[in-house]
Amino acid sequence: MNDDIHDHDAEDGGPVQEARLWQGNGWTARVIKNEDDEGWAVAMYKDGEPEPALVGPWTMGRDKKNPKPLDVNAFNTLIKTASEVIRRHEQHLHAILHKSTVVSTGQGELKVTLDIVPDDDDPYGMLAATDEMGEQVAKVRVPASFKLTPASAEAWVEGGFRAPRA
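For my numbering, add 3 to where a residue sits in the sequence shown, where the first one is 1.
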């Protein structure tokens with residue numbers, strides 16, 4: 004049972020619903036042998052993704068040798084769990100790549116943002132300042148390693164919005 008999960012379609016083009024393979028709602032669940040012990044695991048793949056979003060232990064069947072068959076309730080629970088894993092990963096990535104702080108100036112408050120562009124060859128950041136009216140006051144390219152803190156934002160504003168050195 005080594006066929007590629009993404010090429011496994013039912014004869015009639017409908018969703019696959021087998022004991023060890025379910026597809027539907029943009030997801031594929033595949034029950035697999037757990038390489039670490041004698042049990043079973045389930046891998047959840049989002050359609051179009053080469054890597055599973057979630058791999059977790061799977062329950063043994065009554066015979067204590069084979070896995071418990073997948074069913075609609077289990078599949079729906081696995082979709083919910085895998086979707087939550089993806090959502091948390093996206094939130095974490097967003098928090099790493101997008102930071103902001105506020106600097107008080109004589110002319111009012113400025114929102115200073117740092118957006119990291121995770122380019123494989125040349126990652127960088129864009130540091131920007133926006134006034135209380137939502138108008139962009141300044142924008143400069145900075146190294147991806149730049150750390151936005153209230154102090155670094157204040158120094159940037161007080162330094163006339165010149166690009167900080169690496």
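No lab work stands behind these hints: they were computed from the structure. Computed from a predicted structure; not experimentally measured. Some clues are possibly wrong.
What the hints assert, rightly or not - Below, simulated BS3-like cross-link-like pairs (lysine-lysine); rule was C-alpha separation at most 25 Å, straight line:
1. Lys68 - Lys36
2. Lys67 - Lys102
3. Lys142 - Lys114
As the list claims (entries may be wrong) - Quick list of simulated restraints, FRET-style, between CB atoms:
4. Pro53 - Val143: 36 to 46 Å
5. Tyr127 - Ala98: 17 to 27 Å
6. Leu24 - Arg168: 53 to 63 Å
7. Val143 - Pro121: 51 to 61 Å
8. His92 - Glu135: 25 to 35 Å
9. Leu96 - Glu138: 20 to 30 Å
10. Glu93 - Asp122: 10 to 20 Å
For every residue, glycine included, the Cβ atom is placed at its ideal position computed from N, Cα and C.
Hint by hint, here is what the structure shows:
1. This hinted pair checks out: lysine 68 and lysine 36 have alpha carbons roughly 11 Å apart, not beyond 25 Å.
2. Restraint check for lysine 67 and lysine 102: not satisfied, since their Cα atoms lie roughly 51 Å apart, outside the 25 Å limit.
3. A distance of roughly 12 Å separates the Cα atoms of lysine 142 and lysine 114; the hinted pair therefore holds under the 25 Å criterion.
4. A hinted range of 36 to 46 Å holds for the C-beta pair proline 53 and valine 143, which are about 37 Å apart.
5. Against the hinted window of 17 to 27 Å, the Cβ-Cβ separation of tyrosine 127 and alanine 98 comes to about 19 Å, which satisfies the hint.
6. Distance hint check: the CB atoms of leucine 24 and arginine 168 are about 55 Å apart, consistent with the given range 53 to 63 Å.
7. Under the hint 51 to 61 Å, the C-beta atoms of valine 143 and proline 121, about 18 Å apart, miss the expected range.
8. Here the CB-CB span from histidine 92 to glutamate 135 is close to 34 Å, well matched to the stated 25 to 35 Å.
9. At roughly 29 Å, the beta-carbon separation of leucine 96 and glutamate 138 lies within the given 20 to 30 Å, and the hint holds.
10. As the Cβ distance of glutamate 93 to aspartate 122 is approximately 19 Å, the hint placing it in 10 to 20 Å holds.
Checked against the numbered hints listed earlier, the structure breaks hints 2, 7; every other hint is satisfied.
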